[in-house]
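For this one, chain B is given, so just place chain V on it according to the hints.
If you're matching them up, the sequences are chains B and V in order.
Per numbering that gives the first Met the number 0, the very first residue in the first sequence carries number 0; after that it's consecutive.
Per numbering that gives the first Met the number 0, the very first residue in the second sequence carries number 0; after that it's consecutive.
In short, the hints are calculated from the structure, not lab data.
Check each hint, because a few of them may be wrong.
Note that the list lumps identical chains together, so a pair holds whenever it fits in one copy or between two copies.
List of simulated lysine to any residue pairs, SDA-like, C-alpha gap at most 20 Å [as the list claims (entries may be wrong)]:
(1) Lys10 with Ser433
(2) Lys504 with Val526
(3) Lys394 with His315
(4) Lys205 with Gln182
(5) Lys603 with Thr578
(6) Lys603 with Pro542
(7) Lys394 with Val247
(8) Lys260 with Asn222
(9) Lys603 with Ser651
(10) Lys260 with Gly612
(11) Lys603 with Gln543
(12) Lys459 with Gln448
(13) Lys471 with Gly501
Being a predicted model, the structure only gives us computed values, none of them experimental.
Protein chains: 2
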Amino acid sequence: MLQTTRPVPLKQVSINDSYWSPYEKLVRQTVIPYQWDALNDRIPDAEPSYAIRNFRIAAGLEKGEYGGMVFQDSDLAKWLEAVGYWLTGHDDPELEQIADAAIDLVGQAQQEDGYLGTFFTIKEPGKRWTNLHDCHELYCAGHMMEAAVAYYKGTGKRKLLDIMCRFADHIDDTFGPEPGKIQGYDGHQEIELALVKLYQVTGNEKYLKLSQFFIDERGKAPNFLVQEWESRGRTSHWAQGITGKPNVEYNQAHLPVREQKAATGHAVRAVYMYTAMADLAAQNGDQSLLDACRTLWDNMVSRQMYITGGIGSTHHGEAFSFDYDLPNDTVYAETCASIGLIFFAHRMLQIEPDGQYADVLERALYNNVVGSMSSDGKHFFYVNPLEVWPQASEKNPGLHHVKPIRQKWFACSCCPPNLARLLTSLGEYIYSSSDNAVYTHLYMGSQAQIDVGGASVGLKQETNYPWDGEVKLTLALEEAKRFKLALRIPAWCEGAAIRINGESKQEELVMEKGYAVVELNWQDGDVIQLTLPLEVQIIEANPQVRANAGKAALQRGPVVYCLEEADNGSVLASVSVSTETEFKARFDGELLGGGIVIEGEGYKDSDSGWQGGELYRPIRRQAGRIALRAIPYSMWGNRGKGEMTVWFRTRSS
Amino acid sequence: MLQTTRPVPLKQVSINDSYWSPYEKLVRQTVIPYQWDALNDRIPDAEPSYAIRNFRIAAGLEKGEYGGMVFQDSDLAKWLEAVGYWLTGHDDPELEQIADAAIDLVGQAQQEDGYLGTFFTIKEPGKRWTNLHDCHELYCAGHMMEAAVAYYKGTGKRKLLDIMCRFADHIDDTFGPEPGKIQGYDGHQEIELALVKLYQVTGNEKYLKLSQFFIDERGKAPNFLVQEWESRGRTSHWAQGITGKPNVEYNQAHLPVREQKAATGHAVRAVYMYTAMADLAAQNGDQSLLDACRTLWDNMVSRQMYITGGIGSTHHGEAFSFDYDLPNDTVYAETCASIGLIFFAHRMLQIEPDGQYADVLERALYNNVVGSMSSDGKHFFYVNPLEVWPQASEKNPGLHHVKPIRQKWFACSCCPPNLARLLTSLGEYIYSSSDNAVYTHLYMGSQAQIDVGGASVGLKQETNYPWDGEVKLTLALEEAKRFKLALRIPAWCEGAAIRINGESKQEELVMEKGYAVVELNWQDGDVIQLTLPLEVQIIEANPQVRANAGKAALQRGPVVYCLEEADNGSVLASVSVSTETEFKARFDGELLGGGIVIEGEGYKDSDSGWQGGELYRPIRRQAGRIALRAIPYSMWGNRGKGEMTVWFRTRSS
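Same shape as in the complex, but just chain B (with noise of 0.2 Å):
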């Protein structure tokens, strides 16, 4: 075991919390039935899901043809682990009935052999495990594999769990190295991390091994996917005819994974396989493994990320494109491919606490994940763009993927269910513990029960973070217990502040990984209070980012800012702001359920002269001075269709 630290189980978690707390009840309260709806093709207007359908026809209740995407089933599956999450923390005897009926609505369309699998079952029966890289048979399994793992642990129900080890067993004895078997993995990877949490989670560890094999298996040569495509006779799912051979770059299966050395390919699929690979690294004390999952970092984040913590710069294949290439208007962004990121930050972050992977996962989370979702909980972003011309975004091609608001259900809908299952599992990113620490990653109101070396230790949060800095910590402990306790200072912050019951502690404070560390023996009732002070800062990007030279940002705290053509008017290009001004944060508390707003003075060209229609002209460029007023971007696009950029022109002074 790599492992450093675990994460507190969610059942020991409970959010309350200004800014959280409303999200957990928009998401139970709307967003879960609403999902549920459309799984069930009850949205007027949206496109159908065909997901519960599909199972009924698949468990022979209904006749009908197979409808939606070939992984329509990964919807119900995340809906279920979102679900499950919920039924965790929450009595909810309705929502649970609901969820029972749907898992065995699951059981009933499982196959004899364990197969489970509505496209191939209703449609094309003969050809399971035949085109692995279009059709998601193990991504499918995997998502539903997590969701049996969370409704175990969220409701103690093995019915689901059950199916999901038969189908786990299946999937083992279909691929592996042994003759007879597959040596093939899937197109899209996801049932890599899923094995493993039903390994954890059942003790058996032939989950754990078929997921080293799939992740062992990836990218050697001669290339699974291109053999198999060539056995298939060279077609594809997604196209009539002969295909040309696949890029499986796509699919992160150039190369074996220890020898990738950058992000590359469809985002949330790499992702994905970053978290299994730092799963089993951690599982299987595997050192090459963890060097992989350290280099795909850094060229991650370091190279490839927004601001927002969004990954993925091009929607041609929803991928990575190369290094400091992120412009804002083309963006993909995608939500599910920052949850992704949360996911693999989440788990470096147990190997080696270190503020690097809280800090991306805090910014992926308040941003560009948050911000995918309208303030009415029926509305997402699949794509998250820094910049939004609507016009563009209507009338030029090339950003016809980009929305400038957010839209009902997408026919890919994989976004949606992702968001839920990550917001009802929130509690189990805000700490984790070792035998002599706790570990506090997130700030966010809530209760907490510790593991520490044998010992309980209740931990209670106040905080009306991310608005405001100041964070307080009540222990309750059965007796007084020696541990340190960890505190991540976030990078931006500087001049961060601890007192312990009433004390200014700086000189017993010992920085660690970006983590304050006080070890202390602690005492029922201690008290910490953490001061983190939240400036308006103005950032820039590094210069090999063309897109965004000559410009600037905002942030505050983990907060990114946007300006909106809502409060600036339009050509939001315009608009300059000197690096010198003196930005003020006001808590605005009629802006979409309240947050801190940014304020200060900027310039826009004026447009005077130009209303004759000429396109260019001797420059004579002038300014004015406007009031500018920029509001966290996860807010934008709930007041109507307008321009919203973050990055603005700064003014060389």
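Showing chain V alone in chain B's frame:
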């Protein structure tokens, strides 16, 4: 007739110019032979053209399959047209023999009933005229008609003209308002302008009427292209199976042409159509058609044109997107589209000598068009970007269409032969005349014999334009004649001065729509000296053009400049320039055959402190001074792969 002036026929103009004569030479010595080799599939490592081979197969001289694009015939047509123009001013028996043989081959490929088109002759003999939307039959016919007219005018040889009249007669029997004929038009406009040329050279009004029919019919409801798709069984030449309803805005067939208000759809189709509309408006005195031309012109040049004279801002459909959407990196700006823009401008200029038409013509010619060819005459740009980051072109699929260096030949190789035919007919664009006036639209060393109200006026032009603004015009007259001499004063020019026989004539000069008009009783040997002060201008774009916000470009006379990595290092986005900079223009004989470069002081953002690999930090951007060097845009990409930008950041001072 709405026409005010007539172009001076090509055979009455010869170019002898330090800037353009090398291009003429390059076209004759390299481009024409190289393209002939290309048409014959003799270029190593380049995509085969199949053009000649298709004609040989259609003529029964060879067995084989049709090769290349469905419109491959047009490449030979444009080549023949270029040769026709070349032969207009030059004795060149060797080339003429090759062209005559090619024309013989075209004749042999013509069918009994007059039909000409190798695709349907070889590949789908029963399917003529069943897919006008996709298959370019009339488009190819149009190009061969243009070739026939050029070759006839250049050599006096009627063979190709007769072939094409037979084909035009066949088309006239096939299309028209009469019962039993197809009431339709081509998916790619071209034949409309060609039929006007055929009418002008034959006097056969049938051809003019047919052109008018195609233009008037276009966009009427119910839509022909949609109906055709229905009756074809909803198939497409470009895709397998059943296809979606064609988006006829792409073909400018969404509305009757007189109701179209904005340039839209495929840019080349658009400008070829506008050219024909202007031709028909002029020929038939059609005021409503002229009004439509003006509306479309205004929209295009004042809202949808790059500073280089490029049009069509998206590669999706090689099309216009919408007003002020002029991205510099994802740009299309196809060479052929700018050539078509020149055609349209030239027609409008004959209807009404207004400097705005010649200004745009000149902008497109000296920048986008000339820049599309390498200095060796063997490599071409199809797409003409205003900003290039070579790595992005390679690794970001959204920029794959933007090539950082010119390519040998293209599978769809419309642009190189289009360029050849423009450069060989450039003499036609310099002058025009009416009964009492001679207009000089372009400044290039040349000798012309111009008809003015029955008299033949010899006009010799000497200049080093565009590097130098001094132009000397010498008149040769058999006897004194009173007429107006109108000299274009470009919109970018301030302080133009005219001397006649050494004396300043500012007071006798009347400005009329961008032309300095002097009416005198001219004598043999009169010398007119025009001085167009060429200053380096720092140009800004309309603030609605978001892509150029806070940026500027350099222009000197008609020549737009760019920064290249070869001169200014990488990262070009880090460069900024004060708007007060005093730039110096200097002739550099070493630069690709010689040209004026622009030099001055700029700033470059320091990259110090960024080596640690972080992506974002609180701003502390600092810029150091650097020596900047800009070269003419038309010369970019000739010194290896590197970054290039036309627009650079300005510093507020």
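We went through each hint and held it up to the structure:
1. Lys10 with Ser433: within (18 Å within a copy, 91 Å between copies)
2. Lys504 with Val526: Answer is within; shortest intra-copy Cα gap is 12 Å, inter-copy 93 Å.
3. Lys394 with His315: both (18 Å within a copy, 11 Å between copies)
4. Lys205 with Gln182: Within one copy only: 16 Å inside, 71 Å across.
5. Lys603 with Thr578: both (15 Å within a copy, 17 Å between copies)
6. Lys603 with Pro542: between (24 Å within a copy, 10 Å between copies)
7. Lys394 with Val247: between (33 Å within a copy, 15 Å between copies)
8. Lys260 with Asn222: Within one copy only: 18 Å inside a chain, 54 Å across chains, cut-off 20 Å.
9. Lys603 with Ser651: both (14 Å within a copy, 12 Å between copies)
10. Lys260 with Gly612: between (51 Å within a copy, 15 Å between copies)
11. Lys603 with Gln543: Cα proximity of Lys603 and Gln543: across copies only (12 Å, versus 26 Å in one copy).
12. Lys459 with Gln448: For Lys459 and Gln448, the Cα distance is within 20 Å only inside one copy (9 Å; across copies 96 Å).
13. Lys471 with Gly501: within (11 Å within a copy, 90 Å between copies)
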